[in-house]
Amino acid sequence: MSGADITYGEVSDRGTAIARVVFLACALVTVLTTFGIVLVLITGSIPFFREVSIVEFFTSTEWSPIIRPRSYGILPLLWGTMLIVVGSALVALPVGTLTAIYLSEYANRRLRRVLKPTLEILAGIPTIVYGFFAISFITPQIQRVFPETGTFNALSGAIVVGVMIIPMVSSLSEDAMSAVPDDLRNAGYGLGATKFEVSTRIVLPAAVSGILASYVLAISRAIGETMAVTLAAGMQPNITFNPLEEIQTMTAYMVEVGTGDVSVGSIGYQSLFAVGLTLFVMTLAMNLLSQYIRGRYREVYD
Amino acid sequence: MSYEDTTDDSLVDQRPTAGLETATTNSGTGRTIIEAEDVNVWYGETQALHDISMEIPEQQVTALIGPSGCGKSTFLRCINRMNDLIDTARVEGAVRLRGKNVYDDDVDPVALRRKVGMVFQKPNPFPKSVYDNVAYGLNIQGYDGDIDARVEEALRSAALWDEVKDQLDESGLELSGGQQQRLCIARAIAPDPEVVLMDEPASALDPVATSKIEDLIDDLARDYTVVIVTHNMQQAARISDKTAVFLTGGELVEFGDTATVFANPESDRVEDYITGKFG
Chain U
1 MSGADITYGE VSDRGTAIAR VVFLACALVT VLTTFGIVLV LITGSIPFFR
51 EVSIVEFFTS TEWSPIIRPR SYGILPLLWG TMLIVVGSAL VALPVGTLTA
101 IYLSEYANRR LRRVLKPTLE ILAGIPTIVY GFFAISFITP QIQRVFPETG
151 TFNALSGAIV VGVMIIPMVS SLSEDAMSAV PDDLRNAGYG LGATKFEVST
201 RIVLPAAVSG ILASYVLAIS RAIGETMAVT LAAGMQPNIT FNPLEEIQTM
251 TAYMVEVGTG DVSVGSIGYQ SLFAVGLTLF VMTLAMNLLS QYIRGRYREV
301 YD
Chain P
1001 MSYEDTTDDS LVDQRPTAGL ETATTNSGTG RTIIEAEDVN VWYGETQALH
1051 DISMEIPEQQ VTALIGPSGC GKSTFLRCIN RMNDLIDTAR VEGAVRLRGK
1101 NVYDDDVDPV ALRRKVGMVF QKPNPFPKSV YDNVAYGLNI QGYDGDIDAR
1151 VEEALRSAAL WDEVKDQLDE SGLELSGGQQ QRLCIARAIA PDPEVVLMDE
1201 PASALDPVAT SKIEDLIDDL ARDYTVVIVT HNMQQAARIS DKTAVFLTGG
1251 ELVEFGDTAT VFANPESDRV EDYITGKFG
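If you're matching them up, the sequences are chains U and P in order.
So in the numbering used here, spot 143 of the first sequence is number 143, and the numbers just go up one at a time.
To convert, take the position in the second sequence, counting from 1, and add 1000; that gives the numbering used here.
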């Protein structure tokens, strides 16, 4: 058998070439979709910003692009989104982090095998269901304590979004903590550290990049969250410090206009793209930040 | 590189008793600091140690040698109860530290480990600064003296001070492997334990770094009791005062003065092992 007779290399090369094209095409679908979305958002926003100056867009404190007197300040919507983000972060970051510590350091293997998937089921519940849960359960509980609370309020939205993003924080943080080598835990125990000290002073700092990245991703999710906050927090643009009042987030506004009877080409319709672009830039920034944190603060273990 | 220049002593010298000439004997105090009595350890259903009894002398170096899986590391981890961290491990028998059985109900393993420091096989500095690595034990133990002074002292004792005194704020992970291991030794001795356990501390290091660690162990025995696990018989011969030979199955087959164990072992199995017939 001489080497010159062997032709299988050519055959497998053809297979490789075909596979390469198919895989590339699949990868391109997502890339092209992203570019398509960005393109639509930008071209759709251009007519809006011909009518409304960027300065007014970011400084005016009234948002009323459909009902006269019209006003185009995105601040009330940004404020609504910020209320939800801060409120949900107050719920999800501590609970998620402590859950991650428990899962990674305290729970035995059998318990972890049950608990972690259960938590991840939370992430799979449709967000509309969360919204329904908020108005039918969370809001009535809030009203028991604060009877003046309206049907729609920021607090209920923030709590429900917080619960929704707990699995993101706990699951990603747990991954980061589990990746910390046991060598470091042993070093701590060998020095007479308690389990609590090993968890909080060795494992947690060593996993900090993954934990921070999970925070940023969870916050990014809270920024983009739509159905639950539309249902729970309402549709009233409102700059308020009172979380019991109705607000409107950027996403809820897009639901309102997108499902309403605004005519195509009107300024109300165009504002949809401007708000969408703002939202996209914010979540993109958060995702880039998350990647930066993971790269910048990652400790490399051999 | 020709074989003539090699510094790898395993190539230069095949005789297991070689190096005894250079072994320095630490006088010690003549007292026993650790006394193991009928120690049995199981991992689940598997018995890893059978009726181990030995007396470890204070301020000397005791080497635990034997082939892989012989239980030498398991025994080491009985002394500071690191086996407690393994869910399936079960320990019977007594390990007395200055007469107090560390397996008594009133002994807190956390407190025990503050008296019995440990250095691991793979250098495992925390992803913190050199300074914070050494200060870690002092901090968690609530040491209220001059931490700077203790850190410097520990680094000097670990023969690392001159190399790192200008980079105390840099990450311990930036150091070379040998420096990392000496950092781990400094970290273990900073809280001034009574005993330092070492689990094959040089097995991941190159020959030069290994020789530095060996010199260091010799120095440490002036102040500390050192118990070291090694699978390198020449190393045991070079650095230890007492040698315990474990053989497969978790039995302690021979224990005595290093010179005697290597030159004139009582057991034929030990003789076969140290002359390289198996293991």
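Quick caveat, the hints were computed from the structure, so don't treat them as lab data.
Among the clues, some could well be false.
Pairs of lysine to aspartate or glutamate, DMTMM-like flavour, derived with a Cα cap of 25 Å [stated by the list, open to error]:
{"id": "1", "chain 1": "P", "residue 1": "1122", "chain 2": "U", "residue 2": "120"}
{"id": "2", "chain 1": "U", "residue 1": "195", "chain 2": "P", "residue 2": "1055"}
{"id": "3", "chain 1": "U", "residue 1": "195", "chain 2": "P", "residue 2": "1206"}
{"id": "4", "chain 1": "U", "residue 1": "195", "chain 2": "P", "residue 2": "1266"}
{"id": "5", "chain 1": "P", "residue 1": "1128", "chain 2": "U", "residue 2": "13"}
{"id": "6", "chain 1": "U", "residue 1": "195", "chain 2": "P", "residue 2": "1192"}
{"id": "7", "chain 1": "P", "residue 1": "1122", "chain 2": "U", "residue 2": "245"}
{"id": "8", "chain 1": "P", "residue 1": "1212", "chain 2": "U", "residue 2": "183"}
{"id": "9", "chain 1": "P", "residue 1": "1128", "chain 2": "U", "residue 2": "245"}
{"id": "10", "chain 1": "P", "residue 1": "1122", "chain 2": "U", "residue 2": "256"}
{"id": "11", "chain 1": "P", "residue 1": "1122", "chain 2": "U", "residue 2": "183"}
{"id": "12", "chain 1": "U", "residue 1": "195", "chain 2": "P", "residue 2": "1257"}
{"id": "13", "chain 1": "U", "residue 1": "195", "chain 2": "P", "residue 2": "1087"}
Computed footprint of chain P on chain U; a stretch qualifies when at least three of its residues, placed anywhere within it, have a C-beta under 8 Å from a C-beta of chain P [said to hold, decoys possible]:
{"id": "14", "segment": "137-145"}
{"id": "15", "segment": "172-184"}
{"id": "16", "segment": "201-209"}
Pairwise CB distance ranges, derived in the manner of DEER restraints [unchecked claim]:
{"id": "17", "chain 1": "U", "residue 1": "110", "chain 2": "P", "residue 2": "1068", "range": "25 to 33 Å"}
{"id": "18", "chain 1": "P", "residue 1": "1203", "chain 2": "U", "residue 2": "110", "range": "29 to 37 Å"}
{"id": "19", "chain 1": "U", "residue 1": "110", "chain 2": "P", "residue 2": "1222", "range": "25 to 33 Å"}
Ideal Cβ placement from N, Cα and C applies to all residues, glycine included.
Here's how the hints hold up against the structure:
no. : hint                        : in the structure
1   : P:1122 to U:120             : 35 Å, violated
2   : U:195 to P:1055             : 31 Å, violated
3   : U:195 to P:1206             : 34 Å, violated
4   : U:195 to P:1266             : 44 Å, violated
5   : P:1128 to U:13              : 49 Å, violated
6   : U:195 to P:1192             : 22 Å, holds
7   : P:1122 to U:245             : 58 Å, violated
8   : P:1212 to U:183             : 23 Å, holds
9   : P:1128 to U:245             : 46 Å, violated
10  : P:1122 to U:256             : 60 Å, violated
11  : P:1122 to U:183             : 8 Å, holds
12  : U:195 to P:1257             : 39 Å, violated
13  : U:195 to P:1087             : 14 Å, holds
14  : 137-145                     : violated (count 0)
15  : 172-184                     : holds (count 3)
16  : 201-209                     : holds (count 4)
17  : U:110 to P:1068: 25 to 33 Å : 30 Å, holds
18  : P:1203 to U:110: 29 to 37 Å : 34 Å, holds
19  : U:110 to P:1222: 25 to 33 Å : 48 Å, violated
Hint compliance for this structure: hints 1, 2, 3, 4, 5, 7, 9, 10, 12, 14, 19 are broken, all remaining hints hold.
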